[in-house]
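*Asks:* Based on the provided sequences and hints, a complete structural model is requested.
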Amino acid sequence: MIDHQTQTKPPIISAEDLCIFYGNFRAVKNVDMKIVPNQITAIIGPSGCGKSTVLRSFNRMNDFIPNCHVTGKITFHGHNIYDEDVDPVQVRQKIGMVFQKPNPFPKSIFDNVAWGLKINGMKGDLSEPVEQALKQAALWDEVKDHLKKSGLSLSGGQQQRLCIARALAVKPDIILMDEPCSALDPIATLKIEDLMRELSKDYTIIIVTHNMQQAARASDYTAFFTMDSDRAGVMVEYGETSHIFTNPQDKRTEDYITGRYG
Amino acid sequence: MNEYTDLAGESNTNLQKRHRDSKIWRTIFYASTAAAIIILAILILSIVNQAFGLVVLKNTVEPEKISSVPLEQLSSQDLIKILKKNLTSNRYKTIDRDMPFTARSQADLVDLVIAEVVKPTVVDSYHLDVSILHRNEIMARAAEKYPNGHVEFHSWLNPEFITRSMSSTPELAGVRTAIFGSLWIILITVLVAFPTGVGAAIYLEEYAASNRINKIIQTNIDNLAGVPSIIYGILGLAIFVRGLGYFTGGGFLGSGETGGRTILSAGLTMALLILPILIINAQEAIRAVPRSLREASYGLGATKWQTIWHHVLPSALPGILTGTILAISRAIGETAPLILVGASSFINRDPSSVFSRFTALPIQIYNWTTRPQDEFRNIAAAAILVLLVLLLSLNAFAILMRNRFTRRIS
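From first to last, the protein sequence lines are chains R and F. Residue 1 is where the first sequence starts when you use UniProt numbering, and the numbers rise one by one after that. Residue 1 is where the second sequence starts when you use UniProt numbering, and the numbers rise one by one after that.
Some hints here could point you the wrong way.
What the hints assert, rightly or not - The calculated lysine to aspartate or glutamate pairs, modelled on DMTMM-like cross-linking and capped at a C-alpha distance of 20 Å, are:
1. R/191 - R/220
2. R/9 - R/220
3. R/135 - R/111
4. F/81 - F/62
5. R/171 - R/111
6. R/73 - R/83
7. R/107 - R/128
8. R/118 - F/295
9. R/94 - F/295
10. R/135 - R/198
11. R/107 - F/295
12. R/201 - R/131
13. R/171 - F/295
14. R/29 - R/228
15. F/304 - R/85
16. R/135 - R/194
17. F/215 - F/205
18. F/304 - R/87
19. F/58 - F/171
20. F/81 - F/96
21. F/58 - F/111
22. R/101 - F/295
23. F/119 - F/108
24. R/34 - R/202
25. F/304 - R/63
26. R/73 - R/32
27. F/304 - R/84
Said to hold, decoys possible - Some chain F residues close to chain R (C-beta under 10 Å, calculated; not the full set):
28. 290
29. 292
30. 294
31. 297
32. 298
33. 299
34. 300
35. 302
36. 310
Said to hold, decoys possible - DEER-style ranges, computed between Cβ atoms:
37. F/305 - R/47: 32 to 38 Å
38. F/305 - R/122: 16 to 22 Å
39. R/67 - F/401: 35 to 41 Å
40. F/252 - R/132: 58 to 64 Å
Please keep in mind that the hints were generated in silico from the structure rather than gathered at the bench. Built from N, CA and C at the ideal position, the CB exists for glycine as well.
*Replies:* Here's what the structure looks like:
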């Protein structure tokens, strides 16, 4: 029932039999997912189905939640990132993250972008890479004259693009986006979507969204998650976005995307 | 407009009741604020009341008996003669040795004659309220009781009071030594307690696993914040004065004359006293740092320490500093532990190092209030004002620092 597309390129990151537990509660079960490089993959599904949990397991952000543990494998560059000898800090350098609520540091716009570079050991004049990251995030023209101003003085949409610039500056391979537009107005949302399209040339993007139109508009692949009878999240269907939205294989997917769900 | 009045009419009684309730609560809150302000005002007024007022001064030797013309008009030679005639030869020599009479100016000599020979002493003192309301009665009574005395308005809090050291005569006593003692102790306290407290808070909040041992530690810290200060005094006496006297007294540097009863012992004891308060406050401040900030940092590949140092601590710092201000305020007014670790009640040498014997403002105040003479109570009130000003200026400094930090990071 899971629609595995014939993929030409090898996956950049893949989950195999991934289960995520909070204490004894199994929040997500048996997820198998291969992410195609340089594409935008959207994860959709009703609230509480474990979309964000799965997304956060891709760069080990769940490590900070007490009692949370993972079984199965997430393979990135041929390594299981949950192996003992893998440093989660290194994983997060390669797999960046943009959060639901824009969360710039209470620092200047420049320092927001430069900080990630500094902690990763880059020294000297950082204005070049900072400018590049801000340009990539389509924010440069709006902020180039006041880089000293606090990142918190920007509008919500600008803050979110600042967070994207911040993530881009450390040159990750993959960018995880956890409902990046849910706190933004439609115009700012469109800007982010355009930006994602632009970024997918160089990066692989995985985005969790509540907004089905967004998934349909902006993604290449879509995974539909829902809650099982034992309240654990399961992946129902995964495939090219056009297929999922026009020709869903599973009844639950069809119900959800046509709005008949719960 | 009309439809709104109609709307209100529907649930009018209910709305009125809600408005009435909020009015009652508002009144209660106003009243409690007002009560606090009134109590504070009464406290300050009663202190000020004692620190200023009329005094009756009486000369030991009347100036008219020494010289027929006013002292100010005498020549230096005449003044020296008067001193020689009226002072014991020992006293005369001591003063001469301090600075030869011939080298002193005429005005200096006049002051010397007044201080050494005329010796005006306070024989009676009145509080400020009485001084203002019953000025004439005081004048009349003083004229009757002390025919030679004269009445004048005296501020017990004056520049000399702050710059003079301790003395057994209230008119000549000052708080300089005590101010220095208090400042030294606070310095040691902050230097020891701040890094230790913040460090402990970071460990407990960020690193400690939630196991049984750490829970016991946490509970104990919470309880220690409520332990009476005299217990800390006993602890300080046992550990720093007795146990480690060799170190706290500077014995290891070859100057062990003071035993362990030094500024260092006092500062360390005070540090122990405020440590739990500081830790709890710092923990609260660290806990209040939003998770989104930490996640943003981790998401960029920051290590735990980089996240703590660059984001958690700067964000928590205003809160930590607020806690520190409260803790310092407490430490500067503490008396009991200082008595136990051996504050000297009578000392007129300024502390020169952390191994000096010491006194502190609260010790002086306590000491003076226990004396029977009224005048000591006057200078105790003046010393309380000094303590308040010192406390407020330290706090103002800390608040200034905090505001600077807050502005820098937001």
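*Asks:* Indicate, hint by hint, whether the structure satisfies it.
*Replies:* We went through each hint and held it up to the structure:
Between residue 191 of chain R and residue 220 of chain R, the direct Cα distance comes to roughly 18 Å. Compliance with the 20 Å bound is thereby established for this hinted pair. Between residue 9 of chain R and residue 220 of chain R the alpha-carbon distance is near 14 Å, which keeps this suggested pair within the 20 Å criterion. Between residue 135 of chain R and residue 111 of chain R the alpha-carbon distance is near 15 Å, which keeps this suggested pair within the 20 Å criterion. The suggested pairing of residue 81 of chain F with residue 62 of chain F holds, with an alpha-carbon distance near 17 Å, which does not exceed 20 Å.
Only pairs whose Cα atoms come within 20 Å are accepted, and residue 171 of chain R paired with residue 111 of chain R is accepted, the gap being roughly 16 Å. Simply put, residue 73 of chain R and residue 83 of chain R have alpha-carbon atoms about 9 Å apart, close enough for the 20 Å limit, and the pair holds. Between residue 107 of chain R and residue 128 of chain R, the direct Cα distance comes to roughly 19 Å. Compliance with the 20 Å bound is thereby established for this hinted pair. The straight-line distance between the Cα atoms of residue 118 of chain R and residue 295 of chain F is roughly 17 Å, inside the 20 Å bound, and the hint therefore holds.
With a C-alpha separation of about 15 Å, the suggested pair residue 94 of chain R and residue 295 of chain F falls inside the 20 Å cut-off, and the hint holds. Straight-line distance between C-alpha atoms of residue 135 of chain R and residue 198 of chain R comes to about 11 Å, which keeps the hinted pair within the 20 Å bound. Of the pairs offered as hints, the one joining residue 107 of chain R and residue 295 of chain F holds, with about 16 Å between alpha carbons and a cut-off of 20 Å not exceeded. Of the pairs offered as hints, the one joining residue 201 of chain R and residue 131 of chain R holds, with about 19 Å between alpha carbons and a cut-off of 20 Å not exceeded.
Using a Cα cut-off of 20 Å, the hinted pair residue 171 of chain R and residue 295 of chain F holds, with the two alpha carbons roughly 18 Å apart. A C-alpha spacing of about 9 Å is found between residue 29 of chain R and residue 228 of chain R, which places the hinted pair at or below 20 Å, so the restraint holds. Distance hint between residue 304 of chain F and residue 85 of chain R is fulfilled; the C-alpha atoms sit about 18 Å from each other, no more than 20 Å. Annotation: proposed proximity of residue 135 of chain R to residue 194 of chain R holds, straight-line Cα distance about 14 Å (limit 20 Å).
Taken as a hint, the residue 215 of chain F and residue 205 of chain F pair is honoured in the structure, with Cα atoms around 12 Å apart against an allowance of 20 Å. Between residue 304 of chain F and residue 87 of chain R the alpha-carbon distance is near 12 Å, which keeps this suggested pair within the 20 Å criterion. For the hint pairing residue 58 of chain F with residue 171 of chain F, the CA-to-CA distance comes to about 13 Å; that is within 20 Å, so the pair holds. With a CA separation close to 13 Å, the supplied pair residue 81 of chain F and residue 96 of chain F stays within the 20 Å bound.
Simply put, residue 58 of chain F and residue 111 of chain F have alpha-carbon atoms about 16 Å apart, close enough for the 20 Å limit, and the pair holds. Taking the CA atoms of residue 101 of chain R and residue 295 of chain F, the gap is about 11 Å. The hint holds against a cut of 20 Å. For the hint linking residue 119 of chain F to residue 108 of chain F, the alpha-carbon distance of about 15 Å falls within 20 Å, and the restraint holds. Pair hint residue 34 of chain R plus residue 202 of chain R holds up; C-alpha atoms about 18 Å apart against a cutoff of 20 Å.
With a C-alpha separation of about 12 Å, the suggested pair residue 304 of chain F and residue 63 of chain R falls inside the 20 Å cut-off, and the hint holds. The suggested pairing of residue 73 of chain R with residue 32 of chain R holds, with an alpha-carbon distance near 9 Å, which does not exceed 20 Å. Restraint check: the Cα-Cα separation between residue 304 of chain F and residue 84 of chain R comes to about 18 Å, which is no more than 20 Å; the hinted pair holds. Given the 10 Å rule on beta carbons, the hint for residue 290 of chain F holds: about 8 Å separates it from the nearest Cβ of chain R.
About 4 Å separates the beta-carbon of residue 292 of chain F from the nearest beta-carbon of chain R, less than 10 Å, and the hint is met. Nearest Cβ of chain R to the Cβ of residue 294 of chain F: about 7 Å, under the 10 Å cut. The hint holds. Proximity of residue 297 of chain F to chain R holds as hinted, the smallest CB-CB distance being about 8 Å (cut-off 10 Å). The interface hint given for residue 298 of chain F is met, as the beta carbon of that residue sits about 6 Å from the closest beta carbon of chain R, less than 10 Å.
Interface hint at residue 299 of chain F: satisfied, since its Cβ lies 4 Å from the closest Cβ of chain R, which is below the 10 Å cut-off. Using the Cβ-Cβ criterion of 10 Å, the hint placing residue 300 of chain F at the interface with chain R is satisfied: the shortest such distance is roughly 4 Å. Among the interface hints, the one on residue 302 of chain F holds; its C-beta lies about 5 Å from the nearest C-beta in chain R, closer than the 10 Å criterion. For the restraint placing residue 310 of chain F at the interface with chain R, the shortest Cβ-Cβ distance is roughly 7 Å, inside the 10 Å limit, so the hint holds.
At roughly 35 Å, the beta carbons of residue 305 of chain F and residue 47 of chain R sit within the given window of 32 to 38 Å. For the hinted restraint 16 to 22 Å between residue 305 of chain F and residue 122 of chain R, the CB-CB distance of approximately 18 Å keeps it satisfied. Taking the beta carbon of each, residue 67 of chain R and residue 401 of chain F are about 40 Å apart, inside 35 to 41 Å as hinted. At about 59 Å, the beta-carbon gap between residue 252 of chain F and residue 132 of chain R stays in the expected band of 58 to 64 Å.
Comparing the model with each numbered hint stated earlier shows that all of them hold.
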